[in-house]
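We have chain A already, so just place chain B with the ligand on it with the hints.
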Amino acid sequence: MIELAPASPCGDLLPLQVGDMILAELDLGSLTLVAPFAGQVEATSDALHDAHGVGFPDPGVAIRVWDTLCLWSGRAQALLAGPEPDAALASLAALTDQSDGWAVVRLSGAGATDALARLVPIDLRPGAFPPGSAARTLLGHMTVTILRDPADVAETAFTILAFRSMATTLVHELETAMRRVAARAEAG
Amino acid sequence: MRITCPICGTRDRREFYYQGAAEALHRPDPEAGEDAWDAYLHLRDNPAGRTQDLWYHEAGCGCWLVVDRDTVTHEIYGATLVEARHAD
Ligand SMILES: [Zn+2]
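Top to bottom, those sequences are chains A and B.
My numbering numbers the first residue of the first sequence as 1 and each following residue consecutively.
My numbering numbers the first residue of the second sequence as 189 and each following residue consecutively.
Everything labelled a hint here was simulated from the structure, so no lab data went into it.
Even for Gly, the Cβ is constructed at its ideal location relative to N, Cα and C.
Certain hints may be false.
Stated by the list, open to error - Pulled a few chain B residues facing chain A out of the computed Cβ check, cut under 10 angstroms:
id : residue
1  : Gly197
2  : Arg199
3  : Asp200
4  : Tyr228
5  : Gly248
6  : Cys251
Isolated chain A (complex conformation) (with noise of 0.2 angstroms):
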């Protein structure tokens, strides 16, 4: 049996440093879409933590817990990432594995903040959007979903989630929108 080895999704465009910035494919594991069955949030939030010591994110939340990133990613719906999901939430939540669905990169560095004023139409300034914040929203015309990842606390990084076909375009956007920030900063 031939082992295929897998490509990731931003492939040979990143990592990419313009200025101080600097945008970086992340490998975030397993990824899993977790959708509780009606009246279910709190027995699925209480099987998260028993399993992977994340509880089910409030609206605009990311948990994270050593390895395990649980975010808020739309009405009723989460996105585990990092282990496989626990065998006991099959029967309180629809669980997908959206693993390979996702390109996932982090935006880093003095700058990082106005690239994205440039594309994403909420603020994202450390006071709105402190570590463990995570948006539904637009880059560009693209949705995406932005956090800041609790661990991210020694330096205003982001993580974006763009779907996986529309990876190309995500870091072009970004891209273009770090070199005008660092052309702005040059020009003084």
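Just chain B with the ligand now, kept in the frame of chain A:
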């Protein structure tokens, strides 16, 4: 123009998709008769002023909202979840 989504908070208009009058939520009984169904499907008031219509938070949480707004001033008075009206 901004709409305050009950789940996501205040968001830019470009995140939302406009559907039409909230009248679509008031589906007549199947036996209500031709006039009621004709009105439900085809007749809209098109008011100059305050109105309620359906918007979809397409690039956000994915909720359907009833938005209470004014077509003349563009003021938004509020938005509620369609889901909350159909709790059954
Ligand atoms: Zn919303």
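Hints versus structure:
1. Gly197: Constraint on Gly197 of chain B satisfied, holds at 8 angstroms.
2. Arg199: 7 angstroms, holds
3. Asp200: 4 angstroms, holds
4. Tyr228: 27 angstroms, violated
5. Gly248: Where the cut-off is 10 angstroms and the nearest Cβ of chain A is about 5 angstroms from Gly248 of chain B, the hint holds.
6. Cys251: 5 angstroms, holds
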